[in-house]
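K.L.:
The lines below spell out each chain.
Protein chains: 2
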Amino acid sequence: MLTMQDALARLTAYWTDQGCLIVQPMNTEVGAGTLNPATFLRVLGPEPWRVVYVEPSVRPDDSRYGENPNRLQTHTQLQVILKPDPGNPQELYLGSLAALGIDVAAHDVRFVEDNWASPALGAWGLGWEVWLDGLEITQFTYFQQAGGLNLDPVSVEITYGIERIIMALQDKNHFKDIEYGAGISYGEVFGQTEYEMSRYYLDDADVAANRQLLEIYAAEAQRLIDAGLPVPAHTYVLKCSQAFNVLDARGAVSTADRAAEFGRMRRLAGEVAKLWVARRDELDHPLGRVAPVPPATAVAAPASREGARLLVFEIGTEELPPSECRAAKEAVEREISTGLAGTRLTHGDVRVFATPRRVVAVVADVAAREDDHVRTVRGPKLAQAYAADGSPTKALEGFLRGQGAALEELTEAEFNGVRHVVVNRPEAGGAAAEVLAPVLAKVVSGLRAAKNMRWRDPQLSFSRPVRWLTALWGDDVVPVAVGALAAGRETRVLRTAATPTIAIASAETFMETLAFNGIVADPEDRRELIVTGAQDEVYPDGRIDVRGEAALIDQITYLVEAPTPLLGTFDESYLSLPDAVLTTVMRKHQRYLPVRSADGTLLPMFVTVANGPVDVELVRTGNEAVLRARYEDAAFFYRADRETPLPEMRERLRRLTFTDRLGSMADRAARISSLALDLASALDLSSAVLSRAAALVKFDLGSQLVTEMTSLAGVLARDYALHAGEPRDVAQAIYEAELPRNTGDDLPASLPGALLSLADRLDLVAGLAATVGLPTGSSDPFAVRRAVLGLLAVHRAHPALAGLSLTDALRAAAARQPVPVPDEVLAACADFLAKRLEQMLAEEGFPIDRVRAVLVHAARPSVAGNLLTQLATVTANPDFVAVAEAVQRARRIVPPSTPAGFDTAALTEPAEVALVAAVTTVRDELAKTPEPDLLRFTEAASRLVAPLATFFDEVFVMAEDERVRAARLGLLATVRDLGDGILDWAELRLS
Amino acid sequence: MLTMQDALARLTAYWTDQGCLIVQPMNTEVGAGTLNPATFLRVLGPEPWRVVYVEPSVRPDDSRYGENPNRLQTHTQLQVILKPDPGNPQELYLGSLAALGIDVAAHDVRFVEDNWASPALGAWGLGWEVWLDGLEITQFTYFQQAGGLNLDPVSVEITYGIERIIMALQDKNHFKDIEYGAGISYGEVFGQTEYEMSRYYLDDADVAANRQLLEIYAAEAQRLIDAGLPVPAHTYVLKCSQAFNVLDARGAVSTADRAAEFGRMRRLAGEVAKLWVARRDELDHPLGRVAPVPPATAVAAPASREGARLLVFEIGTEELPPSECRAAKEAVEREISTGLAGTRLTHGDVRVFATPRRVVAVVADVAAREDDHVRTVRGPKLAQAYAADGSPTKALEGFLRGQGAALEELTEAEFNGVRHVVVNRPEAGGAAAEVLAPVLAKVVSGLRAAKNMRWRDPQLSFSRPVRWLTALWGDDVVPVAVGALAAGRETRVLRTAATPTIAIASAETFMETLAFNGIVADPEDRRELIVTGAQDEVYPDGRIDVRGEAALIDQITYLVEAPTPLLGTFDESYLSLPDAVLTTVMRKHQRYLPVRSADGTLLPMFVTVANGPVDVELVRTGNEAVLRARYEDAAFFYRADRETPLPEMRERLRRLTFTDRLGSMADRAARISSLALDLASALDLSSAVLSRAAALVKFDLGSQLVTEMTSLAGVLARDYALHAGEPRDVAQAIYEAELPRNTGDDLPASLPGALLSLADRLDLVAGLAATVGLPTGSSDPFAVRRAVLGLLAVHRAHPALAGLSLTDALRAAAARQPVPVPDEVLAACADFLAKRLEQMLAEEGFPIDRVRAVLVHAARPSVAGNLLTQLATVTANPDFVAVAEAVQRARRIVPPSTPAGFDTAALTEPAEVALVAAVTTVRDELAKTPEPDLLRFTEAASRLVAPLATFFDEVFVMAEDERVRAARLGLLATVRDLGDGILDWAELRLS
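Top to bottom, those sequences are chains A and B. Heads up: the first sequence begins at 640 in the working numbering, then just goes up one per residue. Heads up: the second sequence begins at 640 in the working numbering, then just goes up one per residue.
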């Protein structure tokens, strides 16, 4: 059996064979290998650096007294830095797994999107988690920034989680059972330390002492920065970080502290980084400078050809995130089409396919050349071309000179109705290869993602590195060159294939070559294969909820290029965990499809989709072990949580930050609770259930399992509350407080639940609008948009809440915030809310004019909704239409400033008198029902129909007599205002 | 070329092949691998443990900004712990060198005595420095205590100094030039860190901050001890140690602090150790318990033999320290002789030989058996054996029963003149093997050294492990068994021999087998070989000062068992360093013999004595490189020192502790200075030279080179003072202040030098007598005895100092101490001084009676010395003898309480009157010369000779008349006291 220490030795040896230096772990506590100066400092600046080292990584917060099978206060990282990006780091990495004896072709090794950032270090990068049969074994990152500085060249950071890898390789279920050395277990060597250091971090560390340490370390770091000594300064930044982590594990970090400390560390780390760079400059870069990768030279242009051929253009990448892959597919399709349109090459359909590792454009029947054509060059206006004597003017002479043309070559042509002299230049069409090359190059250089990175390429920037280009027109390579890449006829198939690189004879054989090598390039085909394959696997006992899991299936489609669905099982005993726990682990953490019986019961199995022709048994076993560990972990937390009193969990919210300026989660929960009770009181909806639920709301954020799986907030609250003996209604209300979690999710069914849900969202919107601002465009990190949609949906779902004005409620929520919320912000919130309602109602199919007409009730969406429903009826009622038209007519006639009200004495004509009587009656009638109700309005207003018709027929409003005119306008203004507060009548389109 | 990182990997791999675990370096700064819990905690308790790890070891005090070629603030240790002692750790270690590609047979690998102790850890052990061609590459220690606890089982600690080894293997002269990884140097990787961390430790670390850290760490350690958590407590002890080291490097540790901090760390480390042991007990020793090594069983006794044969008994050890080896040789000789005397085996000469690895006893003609003999068992006295009726008494019956004898067997014999009944029992003599076995076993079990250790043996304890026994009587193995060792016929020759273990056919061939294998067992032979070999090597240009280097040659004799002298050279440029520097490095550090030309000039060469048939070229080159590095180091310091102003060096004495209670070296220098000036003033010997020298005295203890080579104190002071432009007299006086450095050394020639020398020694004696106590027996760690001898010698050498009373001067020195020096202590000092003077003078050949007679002047040894010289003359003068006899006679007659003085009126007889007149005259005469002078005394007192003779002849002292008797006794008392203050007349033997 490969022991842990042997594994470390093998990996170290492998990487030294790749030219890495070995350095020692940092001799002060660090949370990760990244903090070691061999990473943090060395990735800065222009010097090359390759290093491998072990880093025992201390995470005080992960202390579990050695009881949790998968979690340790100190775990072992093996860290590799390759600077610059060698161009093939993934392949090198796979080699390292092989060095550990892992058959990477038999196993399912996957690169799953993961973006890394350390706010405290001012560092970030893009990359992946590497999965081995579903187990995250490595963090793989292209470093983009450190200490707030852009990194050039970019470094590749590979961080192995050694205990995990070894547990998998040795088939162990508890870290203590790892065979550390021959015949000696990890537990035997480190068990006592794990227990005692956990005791220190969780229970015994002196808070005052560690606070003092933190201050001293920070001051020493600053002093050393001032002295121009980045190396010792850095060690003190690390000591700060450890002291902070100890305080955090002891629950001694307030939200204000946390923000301040992160800010301080980021600042110190940034200064250290700057200083290091400056010192290395001064020292003239003892390790030299990385030579930039030279731009590629395109292959030679092919010989002249005839006839139309297929064009294939493949952009080969490292594993793209699913969303980026989809976006890239669309972008390439668009750009190729546009690009081709800018040429005079005839062509057929443009189709684009995409897998995580490639975007392939296939264009049918691309002509061998553009047609020849004549280019007309416009000269001076004819009138200005020749002098009176017919001789060329100076202008014409200039033109001829400029064109190198003779007088005899001139002809004439008309432009916008004006005749000009012109020269006609016949031009030959370009050959396909030369015309296509710049078009295709531009497609590559134009690739952009939501978040872009640099790698070794001198020019390109994209979601992940572009590693190769294949460009074939028929049998010819299109001479594309962009950045460091020159297109060729080689494509790459699965990395684990016997021949991972294959030369393609002609564009026409490209797609079949991919297919022959197992790569399903078309996402539609892949989805189909995944769905049918999964269904086959579970047949006949199980079902895959293809509609319900559509989003997951879409994601899986873009995680593999050669889908191999396979069925795994897990122990039935785990079915005692809540369904949501089981499925969340499957979907979110593992991208497994849950399997249910015909009646919807969860079955102890799952479908995972491997990539390529793996050893199915091996991969199944691996994935099952991962799921078992995940479930064991969850079960561990679940048991621990169920043994924890609810108030204790709620108390833990003090240690969770909501946002820097909006306080802890405990603060937020208190605000939600108080707001919900006040709203209820105002609506006369107070209840014991609500009071109890409000006292507990969000307590499960303090549970271990929700800390691990935040999406289970609410679900577990209900479970734990019931287990703790809370009444079912209370448990349900606490659960419902979290609803709806996304569009289309369930809404709170109970009023206590609804009130808590509203209070939650009101608090979020008010607080964030005042601090972060309302969302704009696609940036909405706190999901304020979703919260607003939730507000609207919940309000509309509960007629009992119709009386509640969300804008008033927002004001109440604002008053509870720890920051001032100015009136402008509240006004902006109301506006934002109205816009979302308009959009929501429009998407529900209501005519936009009616939607806009009811938006005066945006603060009470259920009212708006009801009115819309009534509108569907009343707009068919001639009385309503007549009144509405009258109202609109009155609006047109009467100046807006004219108040309702009239001098009865001036209105003496019978039509006037009749209308006055009717108006008065209707107004009195309507005054009885202050809530807007179109049915009642129509019923009451129907009495106006006839008098209004007579009035408009017989009375000339704009009478000469000023007094009469004023009274008539006042009467009409009264009519106009009869529907005030019900609809925005102006918006309503009648007829 | 083997890079440094490859070397670490190879060593690690080698030791894991020996069953060692690999752990990571400590993730807090440590000064040595020993501090890592994988050593400090794991060597405690009964659990087995084998581990190897790299430890970057931080020594803030060694910071040199990366400028010194051999010294780094962080150097790399590779640490190995073997617990229990595997029985062959040296052989395993040599295997590790072979794994590095070192040909241990070609190189000179030596184990040179080195005892390790860490007062701060309450830890110590015995072992060696391992030398590779003269270079110390490894510390090899048998751990005996840690945290103040005895270790059982004992662990073997092997600590490789990696940079040194690599510099040797790669032939580099500066650590920065080490090839760390392929194509990348140590300086390139670590140069900046070395500079910046040096800056931190020497210049920039904030003293107040580090003091605070020290306190916080210590408090946290104590809290964790109280909480019963040894592991985190230990990390805080380590942090204490680092904070202390930082303060120390910053020169911020006072002597009081140092003592207090060491005490605190020792106490904390001790509590951690106890707690760890207790916790491991509670956990029931997860790694099991080391099985004790079973006692050995002796070989079967040989068949019966006839005739006398040679006995050889070899005790094989690991390398003994030279002094212990000599002592063991003597002890074995004594014990074997005594043991044999306790048997009835006849035998010839007992001869014992010794090398570092063996003590061999050779006994000629040991008889095959003891003679048979008759043992007489004494019974009751004859008188009590039989009753009156001749029947046996109860007493006799009891005796017979006890002996199992019958009445008929009784005979009689006389004991001390009394007749007893007896039984005679014939007894057969024992065979040699059975008689010798217990005798030889007892020799081994009785071996003891000044400092003893345990190893894996269940019973034995000695200076170093005993690893094998060879015991042969003729062809037979003597069946000796002791501890885990059973004697056999195998001996071990050089470890690097092709066959390191050889079976010996018979005792008679033993010594020749050793000789044949190159081992020179007889120290006399070895010494001869070394001397003649060295002389051959240097002939004809050079000379070895065989007499001058006798002590070194004696030491070398016991450092090798197969001496191979070889000549090395060094660059002539180093001859610009002071001779003392060059020879001190050679002798003390390297055990090399210096080589001089016929006129005594030092030549740029040396002789080293390798062990065994090494590759001479290789070993020479290695040793030359070591010496070059040493000289380079010395030259580096020398240059740096010469650039340092003297006051700055003197200032550094503040950072050097003299003793915990007696303050810093600066305090001591100040006391010496003040005392010397006061003494001079009292003697009217003040001078500008003395004042200046006193202001600088001992300044060179603050120089880098004297810090490295303390024995050069004074020598370098003179050198640096001259270089700094001080007058020659001043420089000389500062130098002479250190004289004499040992018995037979030069004495100060100048009075300023002599005064400083006296003040130095007076301060030492007064302070230490009051704190540590005066030396007793062999224990004299501060060399107080040598200081006192120096006092005496200097005083005697300078007539100008004759007036100085050393006891008065001691009192003056005492008054300057920071501790009270009670009168009893001063009295004890005076007594101690007198005893040393007595011994010194006796050893100079003066008759003991005269020595004792002059000891009244012990406080002024030069006076005592002068009187002794005068005594040689005056004792031949009859007048002196007569007066002396009279004085002695007066002392006998006159009661001691009788005062001198007499009633002249009562002395009327002519003899009385004459004596009174003579006495009065002599007394007046003597009063004129207060300084004791026997010549003048004799001259003056000669007038008494006749009157005294008459007086004794004619006057009866004890007259009836009381008044007369009193007057006569008073007159004699006056005679008695005439010589008072000159001699202790009672001690003088006349005739």
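The hints are simulated quantities; they were obtained by calculation from the structure and are not laboratory data. A few of these clues could be false.
When chains are identical, the list treats them as one kind, so a pair holds in a single copy or across two.
Subject to a maximum C-alpha distance of 20 angstroms in a straight line, what follows is the list of computed EDC-like cross-link-like pairs (lysine to aspartate or glutamate) [to be verified]:
{"hint": "1", "residue 1": "Lys1474", "residue 2": "Glu1048"}
{"hint": "2", "residue 1": "Lys815", "residue 2": "Asp923"}
{"hint": "3", "residue 1": "Lys815", "residue 2": "Glu686"}
{"hint": "4", "residue 1": "Lys1090", "residue 2": "Asp1164"}
{"hint": "5", "residue 1": "Lys1020", "residue 2": "Asp1161"}
{"hint": "6", "residue 1": "Lys815", "residue 2": "Glu1073"}
{"hint": "7", "residue 1": "Lys1227", "residue 2": "Glu768"}
K.L.:
Decide, hint by hint, whether the structure agrees.
P.N.:
How the hints compare with the structure:
Taking the shortest Cα distances, Lys1474 and Glu1048 never come within 20 angstroms of each other, neither inside one copy (63 angstroms) nor across copies (134 angstroms). With identical chains, the CA atoms of Lys815 and Asp923 are at most 20 angstroms apart between copies only, with a shortest distance of 17 angstroms across copies and 48 angstroms within one. For the identical chains of this complex, Lys815 and Glu686 are inter-copy neighbours only, at 19 angstroms across copies versus 41 angstroms inside a copy, given an alpha-carbon limit of 20 angstroms. For a Cα distance limit of 20 angstroms, the shortest separation of Lys1090 from Asp1164 qualifies neither inside one copy, at 28 angstroms, nor across copies, at 84 angstroms.
For the homomeric pair Lys1020 and Asp1161, neither the shortest alpha-carbon distance inside one copy (55 angstroms) nor that between copies (124 angstroms) is at most 20 angstroms. In the homo-oligomer, the alpha carbons of Lys815 and Glu1073 never lie at most 20 angstroms apart, since the shortest distance is 64 angstroms inside one protomer and 56 angstroms across protomers. Only within a single protomer do Lys1227 and Glu768 lie at most 20 angstroms apart by alpha-carbon distance; the minimum there is 14 angstroms, versus 60 angstroms between protomers.
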